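Peer 1: Residue strings, one per chain:
Number of protein chains: 2
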Amino acid sequence: MTTDSPLPSPGTPVGVYDSGFGGLTVLRQLQRVLPELDYVYLGDNGRAPYGGRDVDTVLNFAEQCVERLFGEGCRTIVVACHTVSCVALRHLQQRYGSAERRVLGVTIPAAEAAVAATRGHVGFLGTARTVASHTFRTEVRKLSATVQVSEVAAPVLAPLVEEGWEDTDIARLAVARYAAQFGEIDTLVLGCTHYPLLERAFREVVPAGVAVLNPAPEVARRFAIWRAHHPALAPAGSGRLRVLSSGDIARFARHGARFLGEELPPVEHIAEQQGRLALCPDEAEPPGQIVRE
Amino acid sequence: MTTDSPLPSPGTPVGVYDSGFGGLTVLRQLQRVLPELDYVYLGDNGRAPYGGRDVDTVLNFAEQCVERLFGEGCRTIVVACHTVSCVALRHLQQRYGSAERRVLGVTIPAAEAAVAATRGHVGFLGTARTVASHTFRTEVRKLSATVQVSEVAAPVLAPLVEEGWEDTDIARLAVARYAAQFGEIDTLVLGCTHYPLLERAFREVVPAGVAVLNPAPEVARRFAIWRAHHPALAPAGSGRLRVLSSGDIARFARHGARFLGEELPPVEHIAEQQGRLALCPDEAEPPGQIVRE
Numbered sequence: 001m002t003t004d005s006p007l008p009s010p011g012t013p014v015g016v017y018d019s020g021f022g023g024l025t026v027l028r029q030l031q032r033v034l035p036e037l038d039y040v041y042l043g044d045n046g047r048a049p050y051g052g053r054d055v056d057t058v059l060n061f062a063e064q065c066v067e068r069l070f071g072e073g074c075r076t077i078v079v080a081c082h083t084v085s086c087v088a089l090r091h092l093q094q095r096y097g098s099a100e101r102r103v104l105g106v107t108i109p110a111a112e113a114a115v116a117a118t119r120g121h122v123g124f125l126g127t128a129r130t131v132a133s134h135t136f137r138t139e140v141r142k143l144s145a146t147v148q149v150s151e152v153a154a155p156v157l158a159p160l161v162e163e164g165w166e167d168t169d170i171a172r173l174a175v176a177r178y179a180a181q182f183g184e185i186d187t188l189v190l191g192c193t194h195y196p197l198l199e200r201a202f203r204e205v206v207p208a209g210v211a212v213l214n215p216a217p218e219v220a221r222r223f224a225i226w227r228a229h230h231p232a233l234a235p236a237g238s239g240r241l242r243v244l245s246s247g248d249i250a251r252f253a254r255h256g257a258r259f260l261g262e263e264l265p266p267v268e269h270i271a272e273q274q275g276r277l278a279l280c281p282d283e284a285e286p287p288g289q290i291v292r293e
Numbered sequence: 001m002t003t004d005s006p007l008p009s010p011g012t013p014v015g016v017y018d019s020g021f022g023g024l025t026v027l028r029q030l031q032r033v034l035p036e037l038d039y040v041y042l043g044d045n046g047r048a049p050y051g052g053r054d055v056d057t058v059l060n061f062a063e064q065c066v067e068r069l070f071g072e073g074c075r076t077i078v079v080a081c082h083t084v085s086c087v088a089l090r091h092l093q094q095r096y097g098s099a100e101r102r103v104l105g106v107t108i109p110a111a112e113a114a115v116a117a118t119r120g121h122v123g124f125l126g127t128a129r130t131v132a133s134h135t136f137r138t139e140v141r142k143l144s145a146t147v148q149v150s151e152v153a154a155p156v157l158a159p160l161v162e163e164g165w166e167d168t169d170i171a172r173l174a175v176a177r178y179a180a181q182f183g184e185i186d187t188l189v190l191g192c193t194h195y196p197l198l199e200r201a202f203r204e205v206v207p208a209g210v211a212v213l214n215p216a217p218e219v220a221r222r223f224a225i226w227r228a229h230h231p232a233l234a235p236a237g238s239g240r241l242r243v244l245s246s247g248d249i250a251r252f253a254r255h256g257a258r259f260l261g262e263e264l265p266p267v268e269h270i271a272e273q274q275g276r277l278a279l280c281p282d283e284a285e286p287p288g289q290i291v292r293e
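Chains E and H are the protein sequences, given in the same order.
Just so you know, the first sequence maps onto residues 1 to 293 in this note's numbering.
Just so you know, the second sequence maps onto residues 1 to 293 in this note's numbering.
By construction, these hints were calculated from the structure, which means they are not laboratory data.
Small disclaimer: the values here were computed from a predicted structure and weren't measured.
Keep in mind that the hints are not guaranteed to be accurate.
No distinction is drawn between identical chains; accordingly, a pair holds when it is met within one copy or between any pair of copies.
[Unchecked claim] Derived lysine to any residue pairs resembling SDA-like cross-links, with alpha carbons at most 20 angstroms apart:
#, residue 1, residue 2
1, Lys142, Arg258
2, Lys142, Gly120
3, Lys142, Asp56
4, Lys142, Ala117
5, Lys142, Arg90
6, Lys142, Ala271
Excised from the complex, chain E in its bound form:
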């Protein structure tokens, strides 16, 4: 443990970081397999979506979020967001990783799950930035020389889920439209943490024989195996959960429950102050024109 991060008391939570709500679908699986751990979830909703931000900005945001979670006493952080995992994970690992601190991602577990499931042709659906990185395809190629990967960007789906429309004809038609953009795939990977809420819609529209793969359970399963080898980095606690968000906390609590599958604890507000994400209780949105000095 470095000196700027004193041993927290009484626990050492696992940090789960996402650009918004979506990572709660990963947290849900982590809590299922390791309910005895403490977790701190950080959703950077106030600055989401990250896609389209210049790379430097994405790295800055990711650094701030990871530093906030280390500041909360975490020794292990799971980057639940596919966009950050695909673009910034290696940077975070090189900057912060050590024998005492780890940053883990979702792309390699997703690639391993896909290679295990496929008969030869994987479809991958993600955000524009995730797909542009081709990191998922790169990871699949490391595992298999023969598995083909087709990638499609689906920019409408995350907003649909954010709106709570996952059980509407609008969602089913949008899902069908994206699914139709793939060729002859046999496995469809949901490469954004919002998409598991559309899993039923995907299963309805894909042809028979195409498996729909939510990587989150595999991420959790592999995390449990990893953790068995590194118990000091993610020690048992008492199943507590804290939730931090840089966005509107009332909205986060309302929508977040759909992603986590249960009510959230009171959401704590964080905001950027002098290049850091500080705890910031006053989260009210100012109405009207905002004039800044």
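Given chain E, work out where chain H should sit, using these hints.
Peer 2: Positioned in the frame of chain E, the structure of chain H alone reads:
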């Protein structure tokens, strides 16, 4: 003219700023009423949508975009984006406005057009950030003590239009769902520059007697009146158009033509560099993991 902005040669274009493509629907109307002016359009697509972002981020982006346009020689900038107009216009006017430089918005023209059109109850549809500001309602109240305003946020519509899906059942169902959230309105204001592409869908779903109002023609009509009083701030040129975008320029050219109603000139790429939007010919997205020292 301040010293940091030398008199441009040979023209003084009018700047039109939007978070993405949508402001091209405003530019189209400006070109219709004032075809002899030169224009520079700036679409901040690489960082759009603004609608869900925190206020500080919107202000930062707006400052960068306005500074870029002043740097192009503009003396007058029309903020075509309702989100920026509702949240940041006063800030931009106080920071940059002078006898020699003006920043104009779309909210007051939209409010005036709505008050002129309504029989008493206006519905206003916009992004989450626009609606949260209540700036449109505030402007209507300055004009009329009796006109009622109901505001609804429609976060799915702009992504749908960005995807080019405005002529699909997905769009029609989404429009119907939002329109149904209003009570007994008689006028529906399309309070986001993307929505005019959905105007036909709106006309199909609103009850008979409800007028669908695209504010862009009124913005242009009032700009022409304003300009007659300030000819030096927007002098006649030769009808030239330059287009700058922080997003994928091939995609901008392809989609932008739908908004402008005609082909665009070659789109120039801009990108955030050290807190400024610089002209940046190399717009290729770096693939894979990005590691920064």
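Peer 1: Please write out, lowest number first, the hints stated earlier that are contradicted by the structure.
Peer 2: As far as the earlier hints go, 1, 3 and 6 are violated by this structure, in ascending order.
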